[in-house]
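For the sequence shown, the positions run 1250 to 1407 when our numbering is used.
Derived from the structure by calculation, the hints contain no laboratory data.
Bear in mind that the values here come from a model prediction, so they are computed numbers and not experimental data.
The C-beta atom is built at its ideal place from N, Cα and C for all residues, glycine as well.
Wrong hints could be hidden among the right ones.
Quick list of the computed label-pair ranges, beta carbon to beta carbon [unchecked claim]:
| # | residue 1 | residue 2 | range |
| --- | --- | --- | --- |
| 1 | H1276 | L1380 | 19 to 25 Å |
| 2 | P1273 | R1373 | 16 to 22 Å |
| 3 | A1378 | V1277 | 36 to 42 Å |
| 4 | E1330 | H1279 | 18 to 24 Å |
| 5 | S1255 | F1287 | 43 to 49 Å |
| 6 | R1324 | A1378 | 21 to 27 Å |
| 7 | V1388 | G1316 | 20 to 26 Å |
| 8 | S1394 | P1256 | 33 to 39 Å |
| 9 | P1306 | A1393 | 49 to 55 Å |
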Amino acid sequence: MPDTASPFAPALTFAFEIRADLAPTLHVGHGAGERTEFTPITGGTVDGPLLRGTVLPGGGDWSSTRGDVCQLDARYLLRAEDGAVIDIVNRGYYHEGADAPEQHDGDLQVSAPGVYYRTSPVFRTDAPAHLWLARTVFVGLARASEPDAVHIRMYALL
1250 MPDTASPFAP ALTFAFEIRA DLAPTLHVGH GAGERTEFTP ITGGTVDGPL LRGTVLPGGG
1310 DWSSTRGDVC QLDARYLLRA EDGAVIDIVN RGYYHEGADA PEQHDGDLQV SAPGVYYRTS
1370 PVFRTDAPAH LWLARTVFVG LARASEPDAV HIRMYALL
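Assemble the whole structure, with the sequences as input and the hints as a guide.
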(Lines of atoms letter the chains of each structure in order from A and count residues from 1; the text may use other names and numbers.)
(Lines give C-alpha, C1' and ligand atoms only; values in the text may rest on other atoms or scores of the structure.)
Protein backbone atom coordinates (compact mmCIF):
# COMPACT_ATOMS: atom_id res chain seq x y z
CA MET A 1 0.00 0.00 0.00
CA PRO A 2 1.49 3.40 -0.96
CA ASP A 3 2.27 5.90 1.77
CA THR A 4 -0.27 8.73 1.51
CA ALA A 5 1.06 10.73 4.45
CA SER A 6 2.54 14.13 3.77
CA PRO A 7 6.31 14.09 3.32
CA PHE A 8 8.27 14.90 6.46
CA ALA A 9 9.96 18.30 6.55
CA PRO A 10 12.26 19.22 9.45
CA ALA A 11 11.23 22.31 11.38
CA LEU A 12 13.43 25.18 12.52
CA THR A 13 12.60 27.08 15.70
CA PHE A 14 14.11 30.49 16.45
CA ALA A 15 16.26 30.13 19.58
CA PHE A 16 18.29 33.37 19.87
CA GLU A 17 20.31 35.94 17.96
CA ILE A 18 23.99 36.66 18.47
CA ARG A 19 25.29 40.15 17.75
CA ALA A 20 29.07 39.87 17.54
CA ASP A 21 31.07 43.11 17.61
CA LEU A 22 34.07 43.02 15.29
CA ALA A 23 37.49 44.69 15.15
CA PRO A 24 39.08 45.42 11.77
CA THR A 25 39.98 42.34 9.74
CA LEU A 26 43.64 41.31 9.61
CA HIS A 27 45.13 40.01 6.37
CA VAL A 28 46.97 36.73 7.03
CA GLY A 29 48.11 35.76 3.56
CA HIS A 30 47.57 34.51 0.06
CA GLY A 31 48.36 31.08 -1.31
CA ALA A 32 47.16 28.64 -3.95
CA GLY A 33 44.33 30.93 -5.07
CA GLU A 34 43.17 31.57 -1.52
CA ARG A 35 43.00 34.69 0.68
CA THR A 36 43.14 34.08 4.43
CA GLU A 37 41.97 36.65 6.98
CA PHE A 38 41.23 36.90 10.71
CA THR A 39 38.49 39.08 12.19
CA PRO A 40 38.69 39.56 15.98
CA ILE A 41 35.44 39.36 17.97
CA THR A 42 35.45 42.04 20.68
CA GLY A 43 32.12 41.44 22.45
CA GLY A 44 28.42 41.54 21.75
CA THR A 45 25.05 40.28 22.92
CA VAL A 46 22.88 37.16 22.85
CA ASP A 47 19.14 37.70 22.92
CA GLY A 48 16.18 35.45 22.30
CA PRO A 49 13.50 33.26 23.80
CA LEU A 50 15.88 30.38 24.66
CA LEU A 51 19.14 32.13 25.58
CA ARG A 52 20.24 35.59 26.75
CA GLY A 53 23.69 36.84 27.62
CA THR A 54 26.84 38.38 26.18
CA VAL A 55 29.58 37.55 23.71
CA LEU A 56 32.93 37.59 25.50
CA PRO A 57 35.85 39.40 23.85
CA GLY A 58 38.80 37.38 22.61
CA GLY A 59 37.44 35.08 19.93
CA GLY A 60 37.58 35.48 16.22
CA ASP A 61 36.70 34.33 12.74
CA TRP A 62 39.29 32.80 10.43
CA SER A 63 38.11 33.03 6.83
CA SER A 64 39.46 31.57 3.60
CA THR A 65 38.23 32.95 0.31
CA ARG A 66 38.64 30.93 -2.87
CA GLY A 67 37.12 32.56 -5.91
CA ASP A 68 33.75 33.98 -4.88
CA VAL A 69 33.20 31.68 -1.86
CA CYS A 70 34.31 32.59 1.65
CA GLN A 71 34.57 29.71 4.11
CA LEU A 72 34.15 30.85 7.73
CA ASP A 73 35.55 29.25 10.88
CA ALA A 74 34.70 31.28 14.00
CA ARG A 75 35.36 30.37 17.61
CA TYR A 76 34.31 32.45 20.60
CA LEU A 77 32.67 32.31 24.04
CA LEU A 78 29.23 33.30 25.25
CA ARG A 79 28.27 34.07 28.85
CA ALA A 80 24.64 33.28 29.65
CA GLU A 81 22.65 35.51 32.00
CA ASP A 82 23.15 32.96 34.78
CA GLY A 83 26.96 33.25 34.42
CA ALA A 84 27.53 29.97 32.55
CA VAL A 85 30.24 30.06 29.89
CA ILE A 86 29.39 28.47 26.54
CA ASP A 87 31.94 27.68 23.82
CA ILE A 88 30.81 28.06 20.21
CA VAL A 89 32.50 26.86 17.05
CA ASN A 90 30.60 28.37 14.15
CA ARG A 91 31.49 27.32 10.62
CA GLY A 92 29.80 28.41 7.45
CA TYR A 93 29.88 30.01 4.03
CA TYR A 94 29.41 33.44 2.53
CA HIS A 95 28.94 34.07 -1.18
CA GLU A 96 26.91 36.23 -3.44
CA GLY A 97 24.80 34.98 -6.32
CA ALA A 98 21.41 35.30 -7.90
CA ASP A 99 20.25 31.95 -6.49
CA ALA A 100 20.14 33.15 -2.85
CA PRO A 101 16.64 34.44 -2.02
CA GLU A 102 15.65 37.29 0.27
CA GLN A 103 14.24 35.77 3.46
CA HIS A 104 12.21 37.16 6.36
CA ASP A 105 11.37 35.92 9.84
CA GLY A 106 8.20 37.85 10.49
CA ASP A 107 9.04 41.50 9.78
CA LEU A 108 12.81 40.98 10.16
CA GLN A 109 14.81 40.54 6.96
CA VAL A 110 17.27 37.74 7.83
CA SER A 111 18.97 37.48 4.44
CA ALA A 112 19.39 39.89 1.58
CA PRO A 113 18.60 38.90 -1.99
CA GLY A 114 21.65 37.43 -3.69
CA VAL A 115 23.58 36.81 -0.43
CA TYR A 116 24.14 33.31 1.00
CA TYR A 117 25.50 33.70 4.56
CA ARG A 118 24.82 30.55 6.60
CA THR A 119 26.52 28.89 9.54
CA SER A 120 26.42 25.60 11.39
CA PRO A 121 27.27 26.24 15.06
CA VAL A 122 28.29 23.66 17.65
CA PHE A 123 28.10 24.52 21.35
CA ARG A 124 29.94 23.10 24.40
CA THR A 125 29.24 23.67 28.09
CA ASP A 126 28.89 21.67 31.28
CA ALA A 127 26.27 24.03 32.74
CA PRO A 128 23.18 21.88 33.41
CA ALA A 129 20.74 24.61 32.34
CA HIS A 130 22.43 24.88 28.94
CA LEU A 131 23.29 21.27 28.05
CA TRP A 132 20.48 21.37 25.49
CA LEU A 133 22.75 23.56 23.32
CA ALA A 134 25.31 20.74 23.06
CA ARG A 135 22.59 18.23 22.16
CA THR A 136 20.84 20.19 19.43
CA VAL A 137 21.61 20.86 15.77
CA PHE A 138 21.44 24.54 14.83
CA VAL A 139 21.41 26.56 11.64
CA GLY A 140 22.56 30.17 11.68
CA LEU A 141 21.39 32.85 9.27
CA ALA A 142 23.94 35.65 9.35
CA ARG A 143 23.75 39.21 8.17
CA ALA A 144 26.19 42.09 8.30
CA SER A 145 23.77 44.89 9.10
CA GLU A 146 26.45 47.31 10.26
CA PRO A 147 30.16 47.67 9.41
CA ASP A 148 31.57 46.56 12.77
CA ALA A 149 29.13 43.78 13.74
CA VAL A 150 27.52 40.62 12.44
CA HIS A 151 24.11 39.31 13.51
CA ILE A 152 23.55 35.54 13.50
CA ARG A 153 20.01 34.33 14.01
CA MET A 154 20.16 30.82 15.49
CA TYR A 155 17.47 28.25 14.69
CA ALA A 156 17.22 24.87 16.44
CA LEU A 157 16.47 21.95 14.15
CA LEU A 158 13.59 19.89 15.55
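Do the hints match the structure? See the list:
A hinted range of 19 to 25 Å is violated for the C-beta pair H1276 and L1380, which are about 39 Å apart. One distance hint, 16 to 22 Å for the beta-carbon pair P1273 and R1373, is violated here, with the actual separation near 28 Å. Under the hint 36 to 42 Å, the C-beta atoms of A1378 and V1277, about 37 Å apart, fit the expected range. Here the CB-CB span from E1330 to H1279 is close to 42 Å, at odds with the stated 18 to 24 Å.
Remark: the range hint 43 to 49 Å for S1255 to F1287 is upheld by a beta-carbon distance near 46 Å. Checked against the hint of 21 to 27 Å, the C-beta distance between R1324 and A1378 comes to roughly 22 Å, which is consistent with it. A hinted range of 20 to 26 Å for the beta carbons of V1388 and G1316 is consistent with their spacing of about 24 Å. The beta-carbon spacing between S1394 and P1256, approximately 35 Å, falls within the hinted interval of 33 to 39 Å.
Checked against the hint of 49 to 55 Å, the pair P1306 and A1393 fails, with Cβ atoms roughly 19 Å apart.
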